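Enquirer: Those protein sequence lines, which keep their order, are chains A, B, R and Y. Residue 332 in the working numbering sits at position 332 of the first sequence, and the numbers go up by one each step. Residue 31 in the working numbering sits at position 31 of the second sequence, and the numbers go up by one each step. Residue 346 in the working numbering sits at position 346 of the third sequence, and the numbers go up by one each step. Residue 61 in the working numbering sits at position 61 of the fourth sequence, and the numbers go up by one each step.
It should be emphasised that the hints constitute simulated quantities derived from the structure, not laboratory data. Since the model is a prediction, treat every value here as computed from it, not as a measurement. All C-beta atoms in this analysis are idealised placements derived from N, C-alpha and C, irrespective of residue type, glycine included. Keep in mind that the hints are not guaranteed to be accurate.
What the hints assert, rightly or not - Here are the in silico distance ranges between beta carbons for each label pair:
no., chain 1, residue 1, chain 2, residue 2, range
1, B, 262, A, 254, 38 to 48 Å
2, Y, 82, A, 334, 45 to 55 Å
3, Y, 256, A, 31, 35 to 45 Å
4, B, 304, A, 253, 28 to 38 Å
Stated by the list, open to error - Not close to chain A: a few residues of chain B, all C-beta gaps over 10 Å, as computed:
no., residue
5, 5
6, 24
7, 57
8, 121
9, 124
10, 132
11, 136
12, 197
13, 227
14, 229
15, 251
16, 303
17, 304
18, 309
19, 338
4 protein chains.
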Amino acid sequence: MREWSVGIVGGSGYVGGELLRLLLGHPGVSDIQVTSRRHAGRRIGTVHPNLRGRTGLKFRRAEDLQPCDLIFIALPHGESAEATRQLAQLAPLLIDLGGDFRLDDPGTWRHYHGVDHPLPDELCEFVYGLPELHRERIRRASRISSAGCNATATILALHPLYSRGLVDISRTVVEVKAGTSQGGNAPTAGSHHPDRSGALRCYRPVGHRHVAEIKQELGLRPSDPLHFSATAVDMVRGVQAVCHVFLRDPSLTERDIWAIYRQDYGPEPFVRLVNEKRGPHRLPDPRPLAGTNFCDIGFVRDPDSSRLVVIAALDNLGKGAAGQAVQAFNIVSGHSETRALEFTGLYPV
Amino acid sequence: MREWSVGIVGGSGYVGGELLRLLLGHPGVSDIQVTSRRHAGRRIGTVHPNLRGRTGLKFRRAEDLQPCDLIFIALPHGESAEATRQLAQLAPLLIDLGGDFRLDDPGTWRHYHGVDHPLPDELCEFVYGLPELHRERIRRASRISSAGCNATATILALHPLYSRGLVDISRTVVEVKAGTSQGGNAPTAGSHHPDRSGALRCYRPVGHRHVAEIKQELGLRPSDPLHFSATAVDMVRGVQAVCHVFLRDPSLTERDIWAIYRQDYGPEPFVRLVNEKRGPHRLPDPRPLAGTNFCDIGFVRDPDSSRLVVIAALDNLGKGAAGQAVQAFNIVSGHSETRALEFTGLYPV
Amino acid sequence: MREWSVGIVGGSGYVGGELLRLLLGHPGVSDIQVTSRRHAGRRIGTVHPNLRGRTGLKFRRAEDLQPCDLIFIALPHGESAEATRQLAQLAPLLIDLGGDFRLDDPGTWRHYHGVDHPLPDELCEFVYGLPELHRERIRRASRISSAGCNATATILALHPLYSRGLVDISRTVVEVKAGTSQGGNAPTAGSHHPDRSGALRCYRPVGHRHVAEIKQELGLRPSDPLHFSATAVDMVRGVQAVCHVFLRDPSLTERDIWAIYRQDYGPEPFVRLVNEKRGPHRLPDPRPLAGTNFCDIGFVRDPDSSRLVVIAALDNLGKGAAGQAVQAFNIVSGHSETRALEFTGLYPV
Amino acid sequence: MREWSVGIVGGSGYVGGELLRLLLGHPGVSDIQVTSRRHAGRRIGTVHPNLRGRTGLKFRRAEDLQPCDLIFIALPHGESAEATRQLAQLAPLLIDLGGDFRLDDPGTWRHYHGVDHPLPDELCEFVYGLPELHRERIRRASRISSAGCNATATILALHPLYSRGLVDISRTVVEVKAGTSQGGNAPTAGSHHPDRSGALRCYRPVGHRHVAEIKQELGLRPSDPLHFSATAVDMVRGVQAVCHVFLRDPSLTERDIWAIYRQDYGPEPFVRLVNEKRGPHRLPDPRPLAGTNFCDIGFVRDPDSSRLVVIAALDNLGKGAAGQAVQAFNIVSGHSETRALEFTGLYPV
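Okay, chain A solo, but in the shape it has when bound (with noise of 0.2 Å):
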């Protein structure tokens, strides 16, 4: 199998230096280029500790990037669509880790965003690249788009049921936690230790922009409802989706449900769907997922009404973005879609 070269823009942000761990071990890469505007002509272990002694590699400018195999973009939110175009000259195959091409319709993205999409044209193009949902397309692909991470959660957990028309859509309640990473790594006010610390954070009670990309792979339309709340907790790593919603049919049994899940995620070799009686570990948390690219799924049924809670949750650097494009890669390379992302994460930690 041949082996690819590859750019990564952005290298030094979070996403960057997990895309880094994992590429480093991919028996597919020969080659690694990696962008930093602020951190070029310094060692990559400088930025990213874990990396210590692991490689020479250094970064580089933008400007310096040379043309290769594949280039996964991961630019903080916004900027990806202006790069977009030089990069495409650059590389036959784009992998966005940005918020830019997720959707794939041009008055959707006005209507969320207010503003039409800087490359109108391009938003078809690109194919949203989770490979639970689009694992063909993602293999014929030439421009990749990595879901977002509280999206990636959202989506898996809830598509079994909307694919099948399973639930009332006008109830659904979607209560994300999430950690701090996702915020990158910039210092902001709202990220200070002696504030952040401990702190129970419920920074996007309504209006979160990941909704859009939810809905759109839910088959709903921009006008239907989804109600989806976000808090950040004292958790650096991590994404949990607690989605409370209400079945069309009460006569459904648990049992009926788990054999959906299976139906669709059975096969799946990064959805595991957690299913124990009793302990702590009943369901999913996103703690021993840390480094992983599982999506961890489970439900509980209440016996008094049509609810049903289902809870999903994964690492938002790995399943959530940076597992997610190598997982997307491998489906596009041809390798085994596991490969690079064997880690099963740590217990206790």
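Following the hints, put chains B, R and Y in place on chain A, whose structure we already have.
Expert: For chains B, R and Y alone, coordinates are given in the frame of chain A:
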């Protein structure tokens, strides 16, 4: 004003320790007896390190409790009912901080617990001890049952809306984040630090026992829905309730709703309406409430639907337990309602 | 007793916020002005969320500060000296909580800082504000310089031994664990939550600036050794100093040493000697001291050598800063030394 | 290369879980048996949630252990000695991760434990399993005793200096910060989350049992001093040893010392010398080492004295236990020493 002699039964637990801290600083309390099965004979500072050197008081056995004016019962769940009969011989006023006497109706108790209440006739003797709802009944009571911590946050968040019939009661979803001190001071597999630290544990996605009292206080019947789930986060002390409610009249503005909350809580000394426009503290967070008797309440109106997200935060050992009980004592005894509850909380912490 | 009008310069910082919390509860303070460059005009509760609804006080500009009886200077390190000259025109009593006036001797200042002190003649005007060592001088002072937080813990731990010449001064090793609030409220790369959370950062293995004042107070010369290192742990508020000292007379028993500490600190209202035989709280831990003015001290004698491990803990914003300053104010003003400092701390928390 | 069949005795503990994680990914291990008294019959993923879906392996009873090539003994402290005699019948190679066989000399054992070792003749059969010191003996060993976690950090930090006689051995002070997983997976009062969270607990200021093996490996006699203390911080996984040593020749420069450490550790695959000039990661921190087999070492020279502060960090379950044991297995079995230990750690985390 006369001084009260006070007993605390179950004084070695977390709630008992908080009661001690508050009552040792109460000018209307002249004499405190505190019992502990396990620690009888030891100074209280050996169990509650914050009270070191604060008092020479020692734990005594429950059998050695002498008659007094008031007994706070801070026993583990399920032990209050049994103890009550005997304690009623020792003091004319009982304030129970367990969960055995929070429901008014024996039938409702049976509905939730599956068995008959051990002292069904006593249930209606107890006043539900939330001053914001039952101040006048508390003033005349000889039996008070403090509200549960999750229930206190949820009821205070929702009561202004429910009492006015503004809400579609079939749709409300309440997501509670709870600190680990709620589980008491007995080590368990679930509270073991290496396993519990950093965990995000949805320990009660459905079927939380606090739902019964919440429904009672919101004027719902046991058969009415209230979609409630609770997640333990890596926090020792605190409750945050995120309540998604759906307004029956979507034309209600944020301004209208503020007016309603101000009408109900404006004069309340311990309910603070949080209404910042921006900044990291614009919505209630339990962190700076540790040790206080405050319940902070704020909300955000979803512009795209009839949803209103109401957020309440408090200290589960403070307003959610010991503080609320001392507030009730202040009401009964004719003290200023804020006596011994003046602590404003720390920040940062 | 007369009421004091008080100014707080630099009131939006963590130390300023703690001063506000304490002084708002002080019956001898009638009028408070508080300045902030950045937040002038805003209510203090918007910056210090624990003080929400506690007062209508707003920040003002330093230029708008009116003459008053006493000014607390809570400016960042290095800004006090400059401000002092002007503030001295506004109030007859200054209490500085920065580090600019802690050393008595201009030569010693030059030794440690490499440059001359900007106001060398002022240095000897300031009394070192540690009541346990300088109570009588504080009582008569018009200029007080509060001790540093790490210095307060270390000095109180070691003074009884050093003042009696019991220790081989060449061998003492002090290991301080520090909370992140010590670094102030300005976000930096080092305080960014995802990076700082869970870190164990030996930020000052040698050359800590607090060593100068520790040596001064222990009666050492600048050239005498004091082996000091400081590590920031994942804690917001607190200092723990673990001091390894080597007794010149190895026949000194644990009992002898307790007698010495009791002699020095027995009557002190804010030094608690911790002497549990067993249990998790048998040695000082800053956790339950947050918000208090206590310094807890305990020790263990190594049976196999002349080593004694003395451990001191305190709240860096309390006894290590604002609490100590209020204690000094109480001494100067003739109030009970514990006035407004009665909070006993929380547990668990 | 032949494949090894392996047994893990005590596989439900934290060290057992980490061994499983590593060995399941080891290409030279064909067959794993894992015992647990309490969980016999259950799938390992129910106890170690990170291994869910990773394997169908179940716990078995110790009595059901079949003969195999190698047994890892991961029993609680004090249980290895007893078990060894029987396990020696089942496998020609034993690697003990408890503390029963770390001392070479029965007399030294008696000195520290006050009683005779139960199998004194076996002591000298066991090779101390630190590859950096005993690689060649490990290669030929049939009994290996892995080093303690605190000991591993301290020995690797100090060995280059002690082995060359550069240090005044009477003066060294070692301060260890330890994570809570070191205490094992049994809930205790000391590990109860509400009590343990945020605590700074100097649990062993003197008399730590790891001192015996440290002295042995540094070439000290039991009567020689080594001033050691250990504090548990709010960290699950990790050890940081801050070692204050005093150079006999104060003219030794930082450069000289780097040369010494490079000489000893330059070729070592798992010792990384950390030598950043600045930034938050310039000294070793266990945080990004979780799950790895690295020991990071750095130091700072005190310009004002003969003191050198050497800091070592590692993962107590990785290099401090399971990783070290797998490294020893790689040496014995002729695998590359880094086999199954390639994980580079996460950041941020």
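Enquirer: If a hint holds in the structure, say so; if it does not, say that too.
Expert: Consistency of the hints with the structure:
1. 262/B / 254/A: 38 to 48 Å: holds, 44 Å
2. 82/Y / 334/A: 45 to 55 Å: With Cβ atoms ~54 Å apart, the hint holds.
3. 256/Y / 31/A: 35 to 45 Å: Given about 39 Å between the Cβ atoms, the range holds.
4. 304/B / 253/A: 28 to 38 Å: The hinted range 28 to 38 Å holds for residue 304/B and residue 253/A, with Cβ atoms some 34 Å apart.
5. 5: The claim holds: residue 5/B sits with its nearest Cβ about 38 Å from chain A, beyond 10 Å.
6. 24: It holds; residue 24/B is separated from chain A by about 26 Å at its closest Cβ, greater than 10 Å.
7. 57: Holds, since 31 Å exceeds 10 Å.
8. 121: About 28 Å separates residue 121/B from the closest Cβ of chain A, which puts it past 10 Å; holds.
9. 124: holds, 25 Å
10. 132: holds, 22 Å
11. 136: holds, 33 Å
12. 197: violated, 8 Å
13. 227: violated, 5 Å
14. 229: violated, 6 Å
15. 251: Non-interface label on residue 251/B holds, nearest chain A Cβ at 17 Å vs cutoff 10 Å.
16. 303: Label violated. Min Cβ-Cβ 7 Å, cutoff 10 Å.
17. 304: Residue 304/B is in fact no farther than 10 Å from some Cβ atom of chain A, at 7 Å.
18. 309: Given that some Cβ of chain A is not farther than 10 Å from that of residue 309/B, nearest at about 4 Å, it is violated.
19. 338: holds, 26 Å
Hints 12, 13, 14, 16, 17, 18, counting from the list given before, are not met by this structure.
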